[in-house]
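Engineer: Chains as they are written, first to last, in the working numbering: chain W, 1 to 580; chain V, 1 to 231.
Just so you know, the hints here were simulated from the structure itself, not pulled from any lab data. Do not take every clue at face value.
Cut-off 30 Å, straight-line C-alpha distance, at most; resulting in silico cross-link-like pairs (DSS-like, lysine-lysine) [as the list claims (entries may be wrong)]:
1) V/Lys192 to V/Lys112
2) W/Lys443 to V/Lys17
3) W/Lys31 to V/Lys111
4) W/Lys31 to V/Lys86
5) V/Lys112 to W/Lys336
6) V/Lys17 to W/Lys499
7) W/Lys322 to V/Lys137
8) W/Lys265 to V/Lys79
9) W/Lys499 to V/Lys6
10) W/Lys321 to V/Lys218
11) W/Lys550 to W/Lys89
12) V/Lys39 to W/Lys443
13) W/Lys499 to V/Lys39
14) W/Lys499 to V/Lys192
15) V/Lys79 to W/Lys321
16) W/Lys336 to V/Lys39
17) W/Lys5 to V/Lys111
18) V/Lys6 to W/Lys497
19) W/Lys477 to V/Lys39
20) W/Lys336 to V/Lys79
21) W/Lys322 to V/Lys224
Chain W regions said to be covered by chain V (calculated; three or more residues, Cβ under 8 Å) [what the hints assert, rightly or not]:
22) 38-46
23) 151-157
FRET-style restraints, in silico, Cβ to Cβ [said to hold, decoys possible]:
24) W/Gln438 to V/His19: 24 to 32 Å
25) V/Asn67 to W/Lys550: 55 to 63 Å
26) V/Trp158 to W/Glu460: 38 to 46 Å
27) W/Asp442 to V/Glu21: 23 to 31 Å
Don't be surprised by glycine CBs; every beta carbon is placed ideally from N, CA and C.
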Amino acid sequence: MKVIKHSFDGVIVGAGGAGLRAAIEAAPHMKLAVITKLYPTRSHTGAAQGGMSAALANVEEDNWNWHAFDTVKGSDYLADQPAVDILCKEAIDAVIELEHWGLPFSRLDNGKIAQRRFGGHTVKEGESPAFRACYAADRTGHMILQTLYQKCVSMGVTFFDEFQVLDIKIEDGICQGVIAYELATGDIHIFETRAVTFATGGFGKIFKVSSNAHSLTGDGPGILYQKGIPLEDMEFYQFHPTGIYRLGILLSEAARGEGGILRNKDGERFMERYAPSIKDLAPRDMVSRAIATEISEGNGAGPDSDYVYLDLTHLGAETIKKKLPDITDFVRTYVKIEPIEEPIPVQPTAHYAMGGIPTDVHSRVLSDEKGTVLPGVYAAGEAACVSVHGANRLGTNSLLDIVVFGKRAGQSMVDYVTQTKPNNISDSASDDLSKKIQNLIDKEHTDEFSVANIRKDLQESMEENAKIFRTKETLEKQTEILEELRERYENVTIFDKSKVHNSELVEAIELDYLLDMSEATVASALARNESRGAHSRQDFPDRDDTNFMKHSFAFKKDNTANLKYKDVELGKYEPMERKY
Amino acid sequence: MDINLKILRYDPESDRKGHWENYIVDAEPEERILDLLHKIKWFEDGSLSFRRSCAHGVCGSDAMVINGENMLACQVLVKEVGNPIKIEPIRGLPVVKDLIVDMEPFFDSYKKVMPYLINEKEPGDRERLQSPEDRDKFEDTTKCILCAACTTSCPVFWTAETYVGPAAIVNAHRFVFDSRDEGTKQRLEILKDVNGAFRCRTAFNCTSACPRGIQVTKAIEDIKRETLLNS
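Go ahead and model the full structure; you've got the sequences and the hints to work with.
Structural biologist: This is the structure in structure tokens:
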């Protein structure tokens, strides 16, 4: 197997919003490479729809402190409040900066950036829904991704497209480089570097029905987890209330921000019962649970009573065309109904990982629950857990997270690189990985141990046992299933033996990380005997601040995880009951 | 129901040229063509190679020729294309393996038109103002996902690979008609070249092919007109 060596000061893994924003910050100050398993513009940031919140106050009075209050309350008080303050305060400049770089925001009549309402965002700490989400129609993520990539093109940033990251090399606690596999050739590349940022996105493919791209498999968190770095708050996984029935394709909360209403089979606006003040614009965890409850109580629609309706019919053709063009096109394409005239069948869909690689507010990776910094290693975006989202992320705060903490990751890389000298990575640094890949290619293929069969069983079982509602029983059952799947994975085989674009080989590598993510998620969920935010234990239905006002840190141990905990950093907002 | 798929395969490590292979796949009418390709890859022949990521028409990975027309495999359903279904790689770019083509020439053309905001003026602490009417002038071309469906449906591009192609012109349009941008002169200089917008013969293939519904031919015409007005 051919091995090619490169030398850079810094390497960013992943070219979605967080990776590109970090690159823009770091590139002028060092020899930098961005490696991505896709082309940058294919990254899933581009699928984000509704908006990016910032208290610009373009429509009505607003204040970043209110944004912070909403974020903390939305997080069910698990977010670290100093980090949330940074997120909401820096949001304003982050939006303006994107506008200056050319982002085509939708506009108000006075020419300022348009803002819309979104779930959980309120004026004056809960008084009424706030116009805070800055948007570009319903393709805000697409515009952010395009704008950041355009900026990188103008700066001449170096990209290695379609390179699958395989490993990070750390010696004596110091980062030496990363190893990657080139899809087009099957060659192994050693990137000698002393600063690495992981911005690899989420891992929604652990579930069967998901809004996530096929490529979202937790590669960055998986690589670090296998190196003994813990994963933080993995039990908190967000299910978005409005995925297209069966397909899981996202229909933005902007649909409800613009006035859309959820209805059960009888046409009842059921959110009035679950969140009397802000109704359909309650945070996602609450709305998803409400839908799941309606369905389990027999109020679901359809022959299997397993979905509810998102009703946009009263919004009028003009609003839909102007403000929700893309998502209504998805409905026409995949469901073949006209959303101007008919309500849309929806069900909750696996959407966003609140948990991930633990970092401090400078995007520096932490190697334990005590806050020990791992030198030269950074993480940002969905792959990371700062934590600004706590137990439940508010809509629009992820696009904010990627630019605010992506920038901070870039700054931290610059600080580190200017204070350290280049290192030397051994030419044999990739030998173990070359061998692993060769073994995978040499092994005879059998259906029982095929990537797709193991992954299918993983996704179906996670869907059944670890989704919106969980109990000790379902989680223990899933722990056993994961052990069996891990055993099967040890013997995984692939049919494709070729060097050029062997995407089956890449899927086998990704499956390893999917298993890691599932193991950490289930172990963390089993240990948290309370319900908070997106983590809902039917056997422990209440929040337990006495015992669980803390972040979990899952350390990989055999096929499960060892749990340790760190206290939440509180601030000016006292935990209270979360009602809307 | 059984669907008959005919796929143009090519393995650079063993084939001298492409060959057709037949597959019978059990599928529902509502399934995406991408779902059928996955069924083959995951449960029948793992060597079948194609790009994909988001699976709902926004990432632009899986443009291919389906029954003779450029489409995204994740955006078209079985019931829309009938049976049998013929699938080939997009045309005009070198085939690397099966349905995967070399995208580098495509992205090189994109980069040629300076696809980024050019404005040297200090913007100040707040957003630049732009009226909704000015914002509307380039709304259509902001939708581009760089999937290459337009460029690889263009008969001029098939015969002249030096032509920048519809996608690059669409991305130039997105900035030329943005009231905040000041790079129009430089871009039009590039686009009035022999390999620029005037190479277009208004076949409208690009407009039919665009999975985002962009009026691609109109955007090219806008650029041609702007070039004449500026010269």
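Engineer: Hints first: check each against the structure and report whether it holds.
Structural biologist: Each hint, compared with the structure:
This hinted pair checks out: lysine 192 of chain V and lysine 112 of chain V have alpha carbons roughly 13 Å apart, not beyond 30 Å. For the suggested pair lysine 443 of chain W and lysine 17 of chain V, the alpha carbons sit about 28 Å apart, so the restraint of at most 30 Å is met. Distance hint between lysine 31 of chain W and lysine 111 of chain V is fulfilled; the C-alpha atoms sit about 21 Å from each other, no more than 30 Å. Taking the CA atoms of lysine 31 of chain W and lysine 86 of chain V, the gap is about 46 Å. The hint is violated against a cut of 30 Å.
Restraint check for lysine 112 of chain V and lysine 336 of chain W: the C-alpha separation of about 39 Å exceeds 30 Å, so the hint is violated. About 18 Å separates the Cα atoms of lysine 17 of chain V and lysine 499 of chain W, which keeps this hinted pair within 30 Å; it holds. Between the alpha carbons of lysine 322 of chain W and lysine 137 of chain V the distance comes to roughly 14 Å, so the proposed pair stays at or under 30 Å and holds. Restraint check for lysine 265 of chain W and lysine 79 of chain V: satisfied, since their Cα atoms lie roughly 28 Å apart, inside the 30 Å limit.
For the given pair, lysine 499 of chain W sits about 24 Å from lysine 6 of chain V by alpha-carbon distance, which is consistent with the 30 Å threshold. The suggested pairing of lysine 321 of chain W with lysine 218 of chain V holds, with an alpha-carbon distance near 20 Å, which does not exceed 30 Å. As the CA atoms of lysine 550 of chain W and lysine 89 of chain W are separated by approximately 24 Å, the hinted pair is consistent with the 30 Å bound. Taking the CA atoms of lysine 39 of chain V and lysine 443 of chain W, the gap is about 22 Å. The hint holds against a cut of 30 Å.
Between lysine 499 of chain W and lysine 39 of chain V the alpha-carbon distance is near 22 Å, which keeps this suggested pair within the 30 Å criterion. With a C-alpha separation of about 42 Å, the suggested pairing of lysine 499 of chain W with lysine 192 of chain V is violated against the 30 Å cut-off. The hinted pair formed by lysine 79 of chain V and lysine 321 of chain W meets the criterion: a straight-line CA distance of about 26 Å does not exceed 30 Å. Note on lysine 336 of chain W and lysine 39 of chain V: the hinted pairing holds, with a Cα-Cα distance of about 23 Å set against a maximum of 30 Å.
Taking the CA atoms of lysine 5 of chain W and lysine 111 of chain V, the gap is about 27 Å. The hint holds against a cut of 30 Å. Of the supplied pair hints, the one linking lysine 6 of chain V and lysine 497 of chain W holds, its CA atoms being roughly 22 Å apart against a limit of 30 Å. Only pairs whose Cα atoms come within 30 Å are accepted, and lysine 477 of chain W paired with lysine 39 of chain V is accepted, the gap being roughly 29 Å. For the proposed pair lysine 336 of chain W and lysine 79 of chain V, the alpha carbon gap of about 11 Å is at most 30 Å, so the pair holds.
A C-alpha spacing of about 28 Å is found between lysine 322 of chain W and lysine 224 of chain V, which places the hinted pair at or below 30 Å, so the restraint holds. Residues of the stretch 38-46 of chain W lying with their CB closer than 8 Å to a CB of chain V number 7, which satisfies the three-residue condition for coverage. Check result for the stretch 151-157 of chain W against chain V: holds, 3 residues qualifying (beta carbon to beta carbon below 8 Å, three or more required). For glutamine 438 of chain W and histidine 19 of chain V, the Cβ-Cβ distance of about 29 Å falls inside the hinted range of 24 to 32 Å, so the restraint holds.
Taken as a hint, the range 55 to 63 Å holds for the pair asparagine 67 of chain V and lysine 550 of chain W, whose Cβ atoms sit roughly 57 Å apart. Taking the beta carbon of each, tryptophan 158 of chain V and glutamate 460 of chain W are about 44 Å apart, inside 38 to 46 Å as hinted. Range check, aspartate 442 of chain W to glutamate 21 of chain V: about 25 Å between beta-carbon atoms, so the 23 to 31 Å window is met.
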